[in-house]
Amino acid sequence: MGDDTEMLELPLGDWHRAKGARMVPFASYAMPIQYEGIMAEHLWTRENAGLSDVSHMGQLILSGEGAAAALEKLVPGDISALKEGRMRYSLLLSEEGGVLDDLMVTAAPTGLYVVINGAVKHQDIAFLRANLPSGIDINHLEDRALLALQGPKAVEAIARVVPGVDQLYFMEADLFLWGEVPLWISRSGYTGEDGVEISVSADQVEALADALCAQPEVKPIGLGARDSLRLEAGLPLYGHDMDPTTDPVEGNASFAVSKRRRAEGGFNGADRILKALADGPARKLVGLSVEGKLPVREGAPVFVGDTQVGVITSGGFAPSVGAPIAMGYVAAGHNAVGTPLEAEVRGKRVPLAVASMPFIPHRYHRRVISSQAKA
Amino acid sequence: MTRYFTDEHEWIEVEGTTATVGITDYAQSQLGDIVFAEVPAVGAQLFKGGDAAVVESVKAASDVYAPVSGSVTEANDALADDPALVNSDPEGAGWFFKLELSDPSELDGLMDAAAYKAFVDSL
Chain A
18 MGDDTEMLEL PLGDWHRAKG ARMVPFASYA MPIQYEGIMA EHLWTRENAG
68 LSDVSHMGQL ILSGEGAAAA LEKLVPGDIS ALKEGRMRYS LLLSEEGGVL
118 DDLMVTAAPT GLYVVINGAV KHQDIAFLRA NLPSGIDINH LEDRALLALQ
168 GPKAVEAIAR VVPGVDQLYF MEADLFLWGE VPLWISRSGY TGEDGVEISV
218 SADQVEALAD ALCAQPEVKP IGLGARDSLR LEAGLPLYGH DMDPTTDPVE
268 GNASFAVSKR RRAEGGFNGA DRILKALADG PARKLVGLSV EGKLPVREGA
318 PVFVGDTQVG VITSGGFAPS VGAPIAMGYV AAGHNAVGTP LEAEVRGKRV
368 PLAVASMPFI PHRYHRRVIS SQAKA
Chain B
1468 MTRYFTDEHE WIEVEGTTAT VGITDYAQSQ LGDIVFAEVP AVGAQLFKGG
1518 DAAVVESVKA ASDVYAPVSG SVTEANDALA DDPALVNSDP EGAGWFFKLE
1568 LSDPSELDGL MDAAAYKAFV DSL
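Protein chains in written order, with the working numbering: chain A, 18 to 392; chain B, 1468 to 1590.
Keep in mind that the hints were calculated from the coordinates and are not lab data. Don't take each hint at face value.
Said to hold, decoys possible - Going by beta-carbon spacing under 7 Å, a handful of chain B positions derived as facing chain A: (1) Gly1499; (2) Asp1500; (3) Val1502; (4) Phe1503; (5) Glu1523; (6) Val1525; (7) Lys1526.
Since the model is a prediction, treat every value here as computed from it, not as a measurement. Using N, Cα and C, we set each Cβ at its ideal position, and we do this for glycine too.
Turn these sequences into a full structure, and let the hints steer you where they fit.
Below, the structure is given as structure tokens:
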């Protein structure tokens, strides 16, 4: 990679370049890493609204009789319980219970709408094809683009363009019409902020991106800011913080193993995963605060004294925290919040402490249910 | 005083046998927001093309190489508190270190300002 000619082009590729983006290879596509600067784009998103192009991600519709039950063999979430217009974060599991991808599943009118990571989408689709019954149809929506508009002013901005979007709550989705253009919009995202994700036909995405960027709250943000935003939000990046060697419990994603599924099992790796839930995992993904200014990055070993107890899987400077932060795996016994650890960076020890995540509080627009409100 | 440039985007300003080293404006613009700079210790022996300093942007760590060989006589301590000086004034207050040249003939292979500009324009 690195050679422009080998990179695939996103529907908005030239739009990004016209906005001053620096393009880099990511998930086989030429993608915008930044426009005016990662720090400015990050901070803008925390205060206003940042528009990112995530059209590299795979959008699928799984349809056919029993699609939810069939998918439940491969993910640990309660998919059957999803009402139309509701969505859930889940994990695609190998037979051994390793995480093949993380994904969003929405009950849509036409089937289960599934969004998967760009870097692994083709292998995910092959895995789904091999492991779902032949009666389940997998439609890869390759003619659709995907935008994420994130930030505290994201919804007021899009509601001016697409009236009614503000009626959605967190993890709800619906079909909207922008003029005559159908948009599938969910109130969700991966920055810790309120916001929406918008699935739109590839031939309409440029007009939509222009209409959104015409709102005073909205600026385009690149992959760089998207990464620092999700890290501050304590959200794992697939391929870095989770991969086929990690199970959901180690990966700090036990919440994705739904209550009914814990009782019933019947998903890939259930034995391993339910045992890890009962006994505690041998290692766990934790947040780490970093003393000083030196960023601690992916791959740095983590020590207690001379003993390596872990490894950093994501790390960098956190603009809203104003300091470096990281995520990494540490062995059981060293994962309690406050535990002092050290990372090794270029031969030097950098003091760390296990931190509670998220580093920056989530600001989702949740539907408050009265029983939860009392609790 | 003469200023030279490397194809790794360092600048070196030479006065007699001492020199000041930093990264170019093009380099800082490519790196983006600088959040940390690690400068060499005074007395460190550097070798032409070898690691001399590290600059960290939000996104990644990058090496700064020694344009020529020599021993470090001074490091820019201001970068510890304000690494963004490398963004705001890369070819001035954002310098990294000074060194005493051990082989001034190594300067011969470096670019002057016009050659460096042509090099950057070709990228």
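Hint check:
no.: 1; hint: Gly1499; verdict: holds, 6 Å
no.: 2; hint: Asp1500; verdict: holds, 4 Å
no.: 3; hint: Val1502; verdict: holds, 4 Å
no.: 4; hint: Phe1503; verdict: holds, 5 Å
no.: 5; hint: Glu1523; verdict: holds, 5 Å
no.: 6; hint: Val1525; verdict: holds, 4 Å
no.: 7; hint: Lys1526; verdict: holds, 5 Å
Violated hints for the displayed structure: none, as all numbered hints are satisfied.
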